[in-house]
Amino acid sequence: MTTVSMTVNGKAVSADIEPRTLLVQFLRENLRLTGTHVGCDTSQCGACVVHLDGQAVKSCTVLALSCDGATVGTIEGLASDGALHPMQEAFREHHGLQCGFCTPGMIMSAVDIVARCGHHLDEQTIREELEGNICRCTGYHNIVKAIAAGAEAMGASSPMQHAAE
Amino acid sequence: MYAFDYHRPDSLRKAASLAATVEDAKFLAGGHTLLPTMKQRLASPSALIDLNRVKELAGIELRGRTIVIGAMTRHASVEQSPEIQQALPALAELAHLIGDPQVRHRGTIGGSIANNDPAADYPAACVALGATIVTNKRKLAADEFFTGLFDTALEDGEIITKVVFPVASRAAYAKFRNPASRYALAGVFVAKRGSDIRVAVTGAGESGVFRLPEFEEALKKRFSPKSIEGLKVSPDGLIGDIHADPAYRAQLVAVMARRAVAKAAAR
Ligand SMILES: Cc1cc2nc3c(=O)[nH]c(=O)nc-3n(C[C@H](O)[C@H](O)[C@H](O)COP(=O)(O)OP(=O)(O)OC[C@H]3O[C@@H](n4cnc5c(N)ncnc54)[C@H](O)[C@@H]3O)c2cc1C
Ligand code: FES
Ligand code: FES
Numbered sequence: 001m002t003t004v005s006m007t008v009n010g011k012a013v014s015a016d017i018e019p020r021t022l023l024v025q026f027l028r029e030n031l032r033l034t035g036t037h038v039g040c041d042t043s044q045c046g047a048c049v050v051h052l053d054g055q056a057v058k059s060c061t062v063l064a065l066s067c068d069g070a071t072v073g074t075i076e077g078l079a080s081d082g083a084l085h086p087m088q089e090a091f092r093e094h095h096g097l098q099c100g101f102c103t104p105g106m107i108m109s110a111v112d113i114v115a116r117c118g119h120h121l122d123e124q125t126i127r128e129e130l131e132g133n134i135c136r137c138t139g140y141h142n143i144v145k146a147i148a149a150g151a152e153a154m155g156a157s158s159p160m161q162h163a164a165e
Numbered sequence: 166m167y168a169f170d171y172h173r174p175d176s177l178r179k180a181a182s183l184a185a186t187v188e189d190a191k192f193l194a195g196g197h198t199l200l201p202t203m204k205q206r207l208a209s210p211s212a213l214i215d216l217n218r219v220k221e222l223a224g225i226e227l228r229g230r231t232i233v234i235g236a237m238t239r240h241a242s243v244e245q246s247p248e249i250q251q252a253l254p255a256l257a258e259l260a261h262l263i264g265d266p267q268v269r270h271r272g273t274i275g276g277s278i279a280n281n282d283p284a285a286d287y288p289a290a291c292v293a294l295g296a297t298i299v300t301n302k303r304k305l306a307a308d309e310f311f312t313g314l315f316d317t318a319l320e321d322g323e324i325i326t327k328v329v330f331p332v333a334s335r336a337a338y339a340k341f342r343n344p345a346s347r348y349a350l351a352g353v354f355v356a357k358r359g360s361d362i363r364v365a366v367t368g369a370g371e372s373g374v375f376r377l378p379e380f381e382e383a384l385k386k387r388f389s390p391k392s393i394e395g396l397k398v399s400p401d402g403l404i405g406d407i408h409a410d411p412a413y414r415a416q417l418v419a420v421m422a423r424r425a426v427a428k429a430a431a432r
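Taken in order, these protein sequences are the chains called A and B. The first sequence begins at 1 in the working numbering and counts up one residue at a time. The second sequence begins at 166 in the working numbering and counts up one residue at a time.
Hint data in this document are derived by calculation from the structure and do not stem from the laboratory. Small disclaimer: the values here were computed from a predicted structure and weren't measured. All C-beta atoms, glycine included, are put in the ideal place defined by N, C-alpha and C. Please note that a few of the clues may not be correct.
Unchecked claim - Pairs of lysine to aspartate or glutamate residues, derived as DMTMM-like cross-links and limited to a Cα-Cα distance of at most 20 Å, are as follows: (1) LYS191(B) to GLU18(A); (2) LYS428(B) to ASP406(B); (3) LYS302(B) to ASP321(B); (4) LYS220(B) to GLU29(A); (5) LYS11(A) to GLU89(A); (6) LYS145(A) to GLU128(A); (7) LYS204(B) to GLU89(A); (8) LYS304(B) to ASP316(B); (9) LYS397(B) to GLU379(B); (10) LYS220(B) to ASP189(B); (11) LYS428(B) to GLU381(B); (12) LYS391(B) to ASP401(B); (13) LYS145(A) to ASP81(A); (14) LYS11(A) to GLU29(A); (15) LYS191(B) to GLU323(B); (16) LYS179(B) to ASP68(A); (17) LYS204(B) to ASP53(A); (18) LYS428(B) to GLU323(B); (19) LYS179(B) to ASP321(B); (20) LYS220(B) to GLU128(A); (21) LYS204(B) to GLU18(A).
Said to hold, decoys possible - Label pairs and their computed distance ranges (CB to CB): (22) SER5(A) to GLU309(B): 53 to 63 Å; (23) GLN245(B) to MET1(A): 47 to 57 Å; (24) LEU84(A) to ALA427(B): 42 to 52 Å; (25) LYS397(B) to GLU93(A): 52 to 62 Å.
Claimed, not checked - Under 8 Å between C-beta atoms, here's a sample of chain A residues computed to sit facing chain B: (26) THR2; (27) ASP16; (28) ILE17; (29) ASP41; (30) SER43; (31) GLN55; (32) ALA56; (33) VAL57; (34) LYS58; (35) LEU63; (36) ASP122; (37) GLU123; (38) ARG127.
Can you build the whole structure from these sequences, using the hints too?
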């Protein structure tokens with residue numbers, strides 16, 4: 001067992017874990033943050049996407065110990081003061097989910113896309129950027145709509161960032 | 166995944182001495198090949214030496230007419246580097262075509278070339294540009310580094326520290342992606358440096374990356390897609406699998422070569 005410490009959703013956490021513990025296992029099993037899902041064995045589906053030091057990564061393919069000292073953000077950390085994050089709200093509004101299994105990964109990826117590509121996203125960009133996220137229900141159409149709307153809403157709700165662009 | 170011991174050195178020297186003393190250890194870079202392989206129990210090293218803390222291994226530097234990329238540099242950093250976009254846009258484009266955004270945030274150039282997957286993208290760029298692979302022990306020309314399917318000239322415990330790419334006046338990469346895995350079904354990197362012209366193919370060869378001498382000769386006469394219009398690629402030694410048979414791959418390679426030359430010639 002080795003001790004790992006990191007900041008998850010703004011809170012300092014620490015635990016003794018086996019070296020083979022994946023980040024996703026650490027989040028789900030040690031911290032009980034079960035919003036991050038596991039949908040495959042091959043690093044392809046994106047259900048497990050979280051933010052590691054501000055970048056979207058597949059938490060099923062990172063060792064928890066590699067994240068010692070890092071800052072991690074999960075789907076549970078997006079809403080604040082009981083209000084959904086604009087991207088979560090957009091998925092609800094635009095019917096961007098059916099069973100919901102892929103949704104946490106989709107939303108974490110979407111927020112990362114906005115951070116990298118800005119608030120005005122065309123359909124082509126969104127579809128390309130979503131290559132690492134698989135959905136078995138929706139056919140993607142409403143996910144793409146939700147992300148475009150969520151990206152705009154994120155711009156509107158942070159005027160400072162908007163002005164800086 | 167089977168249990169293993171974990172080491173996290175913070176310098177190249179410590180990483181190398183761990184590799185020399187710890188039995189049956191493997192280096193962990195981005196983990197985007199190694200961890201999936203360990204999950205499937207296709208690999209079961211007794212120890213991992215995590216290179217993520219070895220700061221001296223990451224970074225991009227333009228040095229004269231070369232671009233030096235540290236082994237632990239992520240694909241996303243290569244894709245987004247203003248220096249590379251300016252001096253060698255073909256390499257930034259290649260990095261952009263690897264996997265998906267999340268894979269590019271973790272995967273490293275060192276891990277990719279050490280692994281030498283026959284469908285990986287970087288080997289084609291290394292061979293076409295005549296890159297030098299620098300390790301903690303020596304320097305190797307790309308032509309001698311990639312020795313076969315998942316095989317390289319690396320010795321046990323040898324660490325890639327950086328890759329040195331000469332800047333080419335004209336270069337381009339054309340890739341036909343497997344739509345499911347996004348690895349190359351056929352990828353062709355073309356580079357022209359002065360009178361030296363190289364055409365390197367990935368995704369298609371049974372022994373990994375290879376060059377097309379006939380195409381190179383034709384392009385030396387005139388650097389234009391017209392020069393290689395009639396040239397065919399032999400299906401001998403090409404990969405045949407559920408995605409494509411050797412004849413189909415041979416056809417794809419010729420098409421990707423023409424596309425890459427057209428793009429490079431227009432630069
Ligand atoms: C869904 C998915 C899609 C992908 N698509 C593509 C694609 O389209 N094109 C493509 O090229 N790749 C693709 N990849 C592979 C990806 O680029 C990997 O990141 C890369 O091949 C390995 O790099 P890594 O840093 O993750 O290495 P790791 O997995 O950490 O290591 C791979 C091997 O290299 C060794 N190693 C690592 N660093 C060094 C070093 N500095 N010195 C010596 N040995 C070292 C390790 O010991 C291990 O044996 C994909 C991967 C995934 C999961
Ligand atoms: S669980 Fe499928 S990519 Fe991580
Ligand atoms: S909503 Fe069911 S998998 Fe995407």
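Taking the hints in turn, this is what the structure says about them:
The hinted pair formed by LYS191(B) and GLU18(A) meets the criterion: a straight-line CA distance of about 17 Å does not exceed 20 Å. Annotation: proposed proximity of LYS428(B) to ASP406(B) is violated, straight-line Cα distance about 29 Å (limit 20 Å). Under the criterion of a C-alpha separation no larger than 20 Å, the hint pairing LYS302(B) with ASP321(B) is consistent with the structure, at around 12 Å. Taken as a hint, the LYS220(B) and GLU29(A) pair is broken in the structure, with Cα atoms around 31 Å apart against an allowance of 20 Å.
With a CA separation close to 24 Å, the supplied pair LYS11(A) and GLU89(A) exceeds the 20 Å bound. Note on LYS145(A) and GLU128(A): the hinted pairing holds, with a Cα-Cα distance of about 14 Å set against a maximum of 20 Å. In summary, the hint linking LYS204(B) to GLU89(A) is not supported, as the alpha carbons are separated by about 35 Å, beyond the 20 Å threshold. Distance hint between LYS304(B) and ASP316(B) is fulfilled; the C-alpha atoms sit about 17 Å from each other, no more than 20 Å.
Using a Cα cut-off of 20 Å, the hinted pair LYS397(B) and GLU379(B) holds, with the two alpha carbons roughly 9 Å apart. Between LYS220(B) and ASP189(B), the direct Cα distance comes to roughly 24 Å. Violation of the 20 Å bound is thereby established for this hinted pair. The straight-line distance between the Cα atoms of LYS428(B) and GLU381(B) is roughly 16 Å, inside the 20 Å bound, and the hint therefore holds. Restraint check: the Cα-Cα separation between LYS391(B) and ASP401(B) comes to about 25 Å, which exceeds 20 Å; the hinted pair is violated.
Of the pairs offered as hints, the one joining LYS145(A) and ASP81(A) is violated, with about 26 Å between alpha carbons and a cut-off of 20 Å exceeded. For the hint pairing LYS11(A) with GLU29(A), the CA-to-CA distance comes to about 17 Å; that is within 20 Å, so the pair holds. Restraint check for LYS191(B) and GLU323(B): the C-alpha separation of about 10 Å stays at or below 20 Å, so the hint holds. Note on LYS179(B) and ASP68(A): the hinted pairing holds, with a Cα-Cα distance of about 19 Å set against a maximum of 20 Å.
For the hint pairing LYS204(B) with ASP53(A), the CA-to-CA distance comes to about 24 Å; that exceeds 20 Å, so the pair is violated. For the suggested pair LYS428(B) and GLU323(B), the alpha carbons sit about 37 Å apart, so the restraint of at most 20 Å is broken. As the CA atoms of LYS179(B) and ASP321(B) are separated by approximately 16 Å, the hinted pair is consistent with the 20 Å bound. A hinted pair counts as satisfied when its Cα atoms are at most 20 Å apart, and LYS220(B) with GLU128(A) does not qualify at roughly 31 Å.
The suggested pairing of LYS204(B) with GLU18(A) holds, with an alpha-carbon distance near 15 Å, which does not exceed 20 Å. For the pair SER5(A) and GLU309(B), the supplied restraint of 53 to 63 Å is violated, since their beta-carbon distance comes to about 44 Å. Under the hint 47 to 57 Å, the C-beta atoms of GLN245(B) and MET1(A), about 38 Å apart, miss the expected range. For LEU84(A) and ALA427(B), the Cβ-Cβ distance of about 48 Å falls inside the hinted range of 42 to 52 Å, so the restraint holds.
Remark: the range hint 52 to 62 Å for LYS397(B) to GLU93(A) is upheld by a beta-carbon distance near 54 Å. Interface hint at THR2(A): satisfied, since its Cβ lies 6 Å from the closest Cβ of chain B, which is below the 8 Å cut-off. A distance limit of 8 Å between C-beta atoms decides the matter here; for ASP16(A) the minimum to chain B is near 13 Å, and the interface restraint is violated. Evaluation of the ILE17(A) hint against chain B yields a violated restraint, the C-beta minimum of about 10 Å exceeding 8 Å.
Checking ASP41(A) against chain B by beta carbon gives a least distance of about 6 Å; that is within 8 Å, so the hint holds. Nearest Cβ of chain B to the Cβ of SER43(A): about 5 Å, under the 8 Å cut. The hint holds. Annotation: GLN55(A) was flagged as interfacial toward chain B, and the flag holds, the nearest CB pair being 4 Å apart, inside 8 Å. The beta carbon of ALA56(A) is positioned within 8 Å of a beta carbon in chain B (closest approach about 5 Å), and the interface hint is therefore held.
For VAL57(A), the shortest C-beta to C-beta distance to chain B is roughly 5 Å, which falls under 8 Å, so the interface hint holds. A hinted interface residue such as LYS58(A) counts as satisfied when its beta carbon comes closer than 8 Å to some beta carbon of chain B; here the least separation is about 5 Å, so the hint holds. A cut of 8 Å between beta carbons decides the hint on LEU63(A): the least distance to chain B is about 7 Å, and the hint holds. With 8 Å as the threshold, the beta carbon of ASP122(A) stays out of range of chain B, its nearest partner Cβ sitting at about 16 Å, so the hint is violated.
Look at GLU123(A): its Cβ only gets to about 17 Å from chain B, farther than 8 Å, so that hint breaks. About 12 Å separates the beta-carbon of ARG127(A) from the nearest beta-carbon of chain B, more than 8 Å, and the hint is not met.
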